[in-house]
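In this note's numbering, the protein residues as written are 69 to 336.
Treat the hints with care, as some may be off.
Unchecked claim - Computed list of lysine-lysine pairs in PhoX-like fashion (alpha-carbon distance at most 20 Å, straight line): (1) 253 <-> 71; (2) 253 <-> 208; (3) 239 <-> 184; (4) 253 <-> 308; (5) 71 <-> 208; (6) 308 <-> 81; (7) 194 <-> 264; (8) 184 <-> 194; (9) 308 <-> 264.
To be clear, the hints were calculated from the coordinates, so they are not data collected in a lab.
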Amino acid sequence: MLKLASWNVNSLKVRLDQVLDWLESTQIDILALQETKLSDENFPLQAFIDRHYHVVYSGQKTYNGVAIISRLPIAEIVTDIPDLEDPQRRIIAVNIGDIRLINLYVPNGSEVGSDKYDYKLMWFEKVRNFIRQQLSQYSKIAVVGDFNIAPEDRDVHSPVEWEGCVLVSPKEREAFLSLLSLGLKDSFRLFHQEEKAFSWWDYRAAAFRRNRGLRIDLILLSDALAAQCISSNIDALPRKSERPSDHVPVWVALNLYTTAEFRFKHPS
DNA sequence: ATGGTGGTCTTACCA
């Protein structure tokens, strides 16, 4: 069994100890991070190396930034979207074992109709083209990250309050469905789930206490990987720690490596 | 109660 997770940490500098603790307590094998908010020269590489992880990252100062932490070796790293000159560090794609993992920090979009909203839709379309190409090349693909899109009304605490707003607007949801139509499944909906399950809550207005959240952190799986998915989960516990991220980690269990195989490949 | 919080090489901008 292999555990694959995604977490928007909203500054890895602030959240490093939480990430290390969470990796230790959950025994996650692969973790995709978003909003590291660190330039590459400031990435806390040694902390992960000391704990025997492989690490790749694509960061910038102050904003954005993505990274992948892995128990298994990482190869075939891509940090730029074809046909898009973009200084914003929002994507990192890698091979880990026979999985192609694509880690996304989708633009927030600010407000419907704004320049940032247009950038979000344009960026998403370019990424969709990239993923379409990747699907022709690899069968076991996971597309994970902070999508900044709540796919359906049941992913929103109050669809009425949020109607037409950024993160749920029809154009964003249409773009998301168009991505799924390439041959990806929202792993969370492969299984029975509790209602009102969210992955992000605004820091303001006691949104977490009142469970006024959205499910915008997702793990999408190609059919070949979906067939090996045992569970898809949201771990809301880290939101209760001191100085939490506004997002919590999401993770899937994949029936990929038996414990014996994993120990053979990675003797401790 | 009609507002808020939190991160960043901050005093503005992003989420």
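Need the list of violated hint numbers for this structure, in ascending order. 4 and 7
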